[in-house]
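Peer 1: The primary structure of each chain is shown beneath.
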Amino acid sequence: MAAVNALATATPLAVLLELVAAWLLVGVLGLARPHRIAWVARLLFPLGALVALAVAGMGALALSADFAMQSAVLPLGLPDLPFHVRLDALSGFFLLLLGSVGAGISIFAAGYFRQGEGTAPGLLCLQYHVFLASMAMVILADDAYLFMVAWETMALSSYFLVTTQHRLPEIRRAGFLYLLMAHVGALALLLCFGVLHGGSWLMTFDSMRAATLSPAWAAAAFLLALFGFGAKAGLVPLHVWLPEAHPAAPSPVSAMMSGLMLKVAVYGMLRISFDLLHAGPWWWGMLTLAVGLVTALFGAVFAAVQTDMKRLLAYSSIENIGLIFAALGLALLCYAFNMRPLAALALTAALLHALNHALFKSLLFLATGSVLHATNERSLGKLGGLIRRMPWVATLALVGTLSLAGLPPLNGFVSEWLLLQAFLSTPSIPHAFINMIVPLGAAVVALTAALAGYVMVKFYGVIFLGQPREPSLMQAHDAGWLERVGLAWLALGCILIGVFPQAALDAIAGVTQTLLGTVIQRGPAPWWIAPVAQAQASYSGLWLLLGMAGVIAVMFVLVRRMYHGRVRRVSPWNCGYPELTPRMQDTAEGFGQPIRHMFGPFFRIEREVPSPDDQLPRYRIQIDDRFWHGLYLPLARIVGWLADALSVLQRGRLAIYLLYSFLTLIVLLVFVL
Amino acid sequence: MNALALVSQLGGVVLAVALAPLLAGWVAQCRAWLQNRSAPPLLLPYRTLRKLFRKDAALATQASPLFRTAPYAVFGAMVTAAAIIPSVTTDLPLARVADAIALVGLFATARVFIALAAMDIGTVFGSMGARREMMIGFLAEPALLMVLFNAFLMFGSTALPTIVKGTLDADGLTLHPSLAFAGVAFVMVLLAENARIPIDNPGTHLEVTMIHESMVLEYSARHLALIEWASWLKLFNYACIGFTLFVPWGIAPHTAGPLGLLLAIVWLLAKLAVAGAVLAVIETVSAKLRIFRAPEFLSMAFLLAVLGLLVHLLLQS
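Protein chains in written order, with the working numbering: chain A, 1345 to 2017; chain E, 388 to 704.
For the record, the hints were derived by calculation from the structure and aren't laboratory data. Cβ atoms here follow ideal geometry from the backbone N, Cα and C, with glycine treated the same way. One or more of the hints may lead you astray.
What the hints assert, rightly or not - Between beta-carbon pairs, the in silico distance windows are:
{"hint": "1", "chain 1": "E", "residue 1": "Ser673", "chain 2": "A", "residue 2": "Glu1514", "range": "35 to 41 angstroms"}
{"hint": "2", "chain 1": "A", "residue 1": "Met1906", "chain 2": "E", "residue 2": "Thr448", "range": "24 to 30 angstroms"}
{"hint": "3", "chain 1": "E", "residue 1": "Lys675", "chain 2": "A", "residue 2": "Gly1920", "range": "21 to 27 angstroms"}
{"hint": "4", "chain 1": "E", "residue 1": "Asn423", "chain 2": "A", "residue 2": "Ala1893", "range": "45 to 51 angstroms"}
Just need the whole structure built from these sequences, with the hints factored in.
Peer 2: Take a look at the structure:
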């Protein structure tokens, strides 16, 4: 009873901190019996999911209209540098995202992780929950010091999760690349905070908010933040780690990285650009918008030609992050021209798309995990026909597929709709060139959204439809019940947001109120949104769903009543060709061929085509990222060359090192004296 | 919302569903006349539907539930789309439920379902057709959206009834240059999306060149009937979108009574007759493009629509 009373009087912030501690405790408990799968998977992961639900609940509390911002100083950290935490609507929204999606992933993980796949389950449990806790702490942090500590913990714990199967060299390589990019980004963030304090040397966000920076320094801080968070989120050209690290990690971890960690980067970008820097001149928005649009198109085009299902999803994540940043840039742009309602619309689109992407991308990554467990195959060329062997996973993945393709009445459509509405209003920007250039961004968004549909048909069609491309697929089994519950939870989120979009927008209203001081217009009902004006544009997912379902039901009954429902099972017609082998179907390469053809200059293509008189004809094609060969490898060569040049200093003799210290000392003394 | 609005909403949907096969029959007849063939009966599509509904469905052994659901989903999406296009009257209660962007979304839903169903059996032509359909679709969809954007920017709304009202309320006939670009782009999208001649041939019997037909090769009986009906409805919907954007005259305004609605139906029939004949002419005078040229055709439509957008923004500022 006392505990209940204590909980009732505790502030949401205090409860959240306890929940984070609970996550850490769950993680540590995993070490008690690291090899007992029953202990770790059946007890600890579901416990973690419960904690995640509670985190989501607390986040939702912070979004209610009458919630006042809460902050606290923790008795942790360095003596003069205690940790500050704060809960406001922005962190509340991202905690809601983290908790609700994290709960689904944790339930799935409870059924997914098993003995003998690299790291011991107990250790995995620790890394997993430290990862979750560190993400929550990044969102709660209210000073640069805690922010960076949590940020680095997040990077490290996810690095260990990525390299779960560290015995494979390519996974170690992917992990190293990820760690490298994470630290390049973190370095930029460190510098960014170094600029933000504005000479006061106080590391709390409060003092950074109050600091007045000269335009040049503010711009420097913004660019550093864009670089740092962009590296984490996967903006072009800093995206190279994503398609390596996501496939290397176990599927629940890929889902967490793509669904949650990328969103933490979006949170950081919002926190710094809107809250700490109070937005800036219009070119900030223009730059973010341009980078976002390029990233979106790039990701979509590359996703279309992938042959590994998890790489395909990783590129699709790049695309979606691009859309989120484009919306964010649009919000910055409109804010710079003091068009608050329009900025609120764009920001709402960005936040809703972040939430939607977290839901459907996690769902799809988890579904690939089930497929991977059932078939031991990641390559699209060796899958197929799984809808008949794995009906549960296939059905739930279909929801995610249709959402990601941006089809009504699911959630992906709502955020794209909002984004397009925001673009439509940009001609009212009072600037001669911008109001002409920016609406054309809608063309890129439309193209990207349509490409996403292409990619998703390929993804779903090649994995789940058609005939099995390998005989072993006939033995594939459906996912266990815990995995199904996890998938169903996320699929339910996709459907609910799609059908009741206004309910999601209500949650976001608190964030736009905090950051921009305004909210978009409220729709007439939870299932009806009208962000600008009812006569101008409105959309109701529920009515659309009811309309379609009604037509389908009426038609079904009519056909049965007036005619019949007789079915004869026969072998497929296939235009009269007698034999039908799985090799006759389109391959993943074949499905991507039109895109490869049309967007040729995007890719670096290596082809090996057999000559007519080859005894063993072999066809091979490799599609690479131009950035990798054009930017990263030369950079790596320069770094290697510099290191070689500097290694002259390294003589391996103690006397010479002593000489170096002596010389340094003298030089410093010259400066001091 | 009054009773008349509800009746006209429901009536509009029924009218679209009922008239769509007639439009298809009319286009086929015009085509035959222009090509010096003896024309099939105007009501042939209705007879085809009846024939198909009566037959037993022959389903491939490995067909999944998705394969059987898809025809209903495609038909449902197309009928819902018909419900939000102001073909007869602008007084559509459902038009506030879904605007023109949602309309594009509904078309995309239908396309994705039919492409997925085509891949379900795992035949040669099914998956090839699905790939080609998605290739056409991913270029046609943004082009259509850009065409609609031209109208949105002009009237500041994505709701189709508002766009119609905007054109009807304007004094006199003003020619907008941006709409000219958009119009050309729209016709190109219409041809591509409805499997018409420069891109696809609705009457073809050569599997290798098919797009739409190769996707539905495995369908039979009632499933095929629904898919065919849905594709005719799609043509009808596209024609009506064209009317709302470019020739909205004759569509009954909010204030129209029952007599006005009847007049609007006559107008619609007249416009459909002309549009069908024009479509037949276009199909007769043009040759089918190689499949590899289809992306060029569609990217031109996309660029034209974007150009229209640019022209509008340039003239406005």
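Peer 1: Could you run down the list of hints and mark each one as holding or not?
Peer 2: A quick look at each hint next to the structure:
At roughly 52 angstroms, the beta-carbon separation of Ser673/E and Glu1514/A lies outside the given 35 to 41 angstroms, and the hint is violated. Taking the beta carbon of each, Met1906/A and Thr448/E are about 28 angstroms apart, inside 24 to 30 angstroms as hinted. For the pair Lys675/E and Gly1920/A, the supplied restraint of 21 to 27 angstroms holds, since their beta-carbon distance comes to about 23 angstroms. Taken as a hint, the range 45 to 51 angstroms holds for the pair Asn423/E and Ala1893/A, whose Cβ atoms sit roughly 47 angstroms apart.
The structure does not agree with numbered hint 1 stated previously, though it agrees with all others.
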